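Whenever a hint applies, use it, and build me the whole structure from the sequences.
Sequential numbering of the sequence shown, starting at 7, is according to my numbering.
Hints are not guaranteed to be accurate.
[Said to hold, decoys possible] Once the Cα atoms are required to be at most 20 angstroms apart in a straight line, the calculated SDA-like pairs of lysine to any residue come out as:
| # | residue 1 | residue 2 |
| --- | --- | --- |
| 1 | 91 | 143 |
| 2 | 152 | 45 |
| 3 | 159 | 102 |
| 4 | 56 | 45 |
| 5 | 152 | 91 |
| 6 | 56 | 68 |
[To be verified] So the derived label-pair ranges between C-beta atoms look like this:
| # | residue 1 | residue 2 | range |
| --- | --- | --- | --- |
| 7 | 27 | 132 | 58 to 66 angstroms |
| 8 | 151 | 8 | 29 to 37 angstroms |
| 9 | 155 | 56 | 16 to 24 angstroms |
| 10 | 23 | 155 | 45 to 53 angstroms |
If you're looking for bench data, these hints aren't it; they were derived computationally from the structure. Fair warning: this is a prediction, and the values are worked out from it, not measured in the lab. Glycine included, C-beta positions come from ideal geometry on N, C-alpha and C.
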Amino acid sequence: MPAQFLLNITIAFLWTLLMDEDAFYPTTFLTGYLIGIGILFLMHRFFGTKFYLLRVFSALKLLLIFISELSQSSLLIMKQILSPKLNIKPGIFTYEHSMEGDYELTTLALLLTLTPGSVVMEVSPDGKVFYIHAMDVESSRDSVLKSIKVFEKAIMEVTRN
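Right under this line is the structure:
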């Protein structure tokens, strides 16, 4: 992915230099960048990896999923906190994930911890099981598991070929 991006930037600079203009114009650079995207899209199979903009779009999708999950869980937490009677049952449950590597594991744990109402307390020594604390286990366990699966799928789209 970094090689494709750097090659795209190089194509954009070469395009800007070959246009032989008096000054540097961002529109000329942008045109070169777009032409570079087209060239790299046609040649991406020779790099042996996915086209780099697909990963960029997957990363943006992961960001939007996180924002959506964050807002949904924040509303749920505000509803529970602002209710006249605090009717929650905190607890701990385990989840066996399918992440590979430290990067994917850490990303999933951080996304879950940043989502209100759930905290990854510990990871098993083999790295395959999360111990998750939920604010209200009875009502939020299913939603936390659903969001974990959505996060897992989005993280794998970003990190794997």
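Legend entry - Violated hints, by number in ascending order, as checked against the structure: Violated: hints 2 and 5.
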